[in-house]
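Put together the whole structure using the sequences plus the hints.
Chains U and F, in that order, are what the protein sequence lines are. Using this note's numbering, the final residue of the first sequence is 140, and nothing's skipped along the way. Using this note's numbering, the final residue of the second sequence is 141, and nothing's skipped along the way.
In short, the hints are calculated from the structure, not lab data. One or more of the hints may lead you astray.
Computed, partial: chain U to chain F, Cβ under 7 Å [unchecked claim]:
{"no.": "1", "residue": "R55"}
{"no.": "2", "residue": "T101"}
{"no.": "3", "residue": "L105"}
C-beta atoms are modelled at their ideal positions from N, C-alpha and C, and glycine is treated no differently.
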Amino acid sequence: MRSLFPTAVALAALLAGAPAASTDAPANAYCYIGWPSDGAVLPAGKPFRVWFGLRNMGVAPKGVAVKNTGHHHLLVDADLPPAGQEIPSDRNHLHFGAGETETMLELPPGKHTLQLVMGDDKHIVHSPPVVSRKITITVK
Amino acid sequence: MRFPLVFSVLLAASLHAGTTVAAPTPAPENAQVYFIWPHDGTVINGGKFWVRMGLRNMGVAPKGTDVKNTGHHHLLIDTDPPPMTEPIPNDRNHLHFGAGETEARVELPPGTHTLQLLLGDKDHIPFDPPVMSKKITVTVK
Chain U
1 MRSLFPTAVA LAALLAGAPA ASTDAPANAY CYIGWPSDGA VLPAGKPFRV WFGLRNMGVA
61 PKGVAVKNTG HHHLLVDADL PPAGQEIPSD RNHLHFGAGE TETMLELPPG KHTLQLVMGD
121 DKHIVHSPPV VSRKITITVK
Chain F
1 MRFPLVFSVL LAASLHAGTT VAAPTPAPEN AQVYFIWPHD GTVINGGKFW VRMGLRNMGV
61 APKGTDVKNT GHHHLLIDTD PPPMTEPIPN DRNHLHFGAG ETEARVELPP GTHTLQLLLG
121 DKDHIPFDPP VMSKKITVTV K
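As structure tokens, this is what we get:
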């Protein structure tokens, strides 16, 4: 029994270092971009508003662990980050950790994709992922 | 001498606690809550609809969450704004969205109804200045 104890401690330490389990989201949670619409053509040089839609789930700022909540992340010209990992924070992955439900965005002329994904209190995608359809807009 | 000192300290503390009114939670001057949907004057067939709650220059947080510049939505139906220094009532005319919801499924009987949004702090008390939408009117047919 005695010799097992250090092994158990080492195992526990290993487990603690492993990626944290994803936070559960309601199966019917639904995230969508309320505006702009897929295929929208927007004038260049003019910021536009993006509306974050969320149903059957609530918004909470980062660091706040309340069941069935999360905060919005807007992916601009980026693919979905891998499940179970922290969503990167850069110009292609915008974080709304203050609980924002809309934002102003200005993009250079051309085609762009937008997609919303919810992250939990630690910016990790929920299980199942709460993610919008990826839309394409044109700035010109 | 010891006793009266302790006594007066206790007395002062209890008086202080008894008379203190919590200061309202400040909100950014440019914070704005508004209806994304429905619009003022919308006619709704059937009476069931989604209310989409918009918020600018502030964030949403569930009730009980003490994070600066955040609050949660309250939907006032067929009622005037409540007192701005007390918790918003919780009844069928004052719907609370303490789970951080930004949309709500609402069902109303046929007729004309008013809707208004009012943001509450972690304790459901309106902010200073109040973050309140225009009161809109919808008609259910």
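Comparing the hints with the structure gives:
| no. | hint | in the structure |
| --- | --- | --- |
| 1 | R55 | 5 Å, holds |
| 2 | T101 | 5 Å, holds |
| 3 | L105 | 14 Å, violated |
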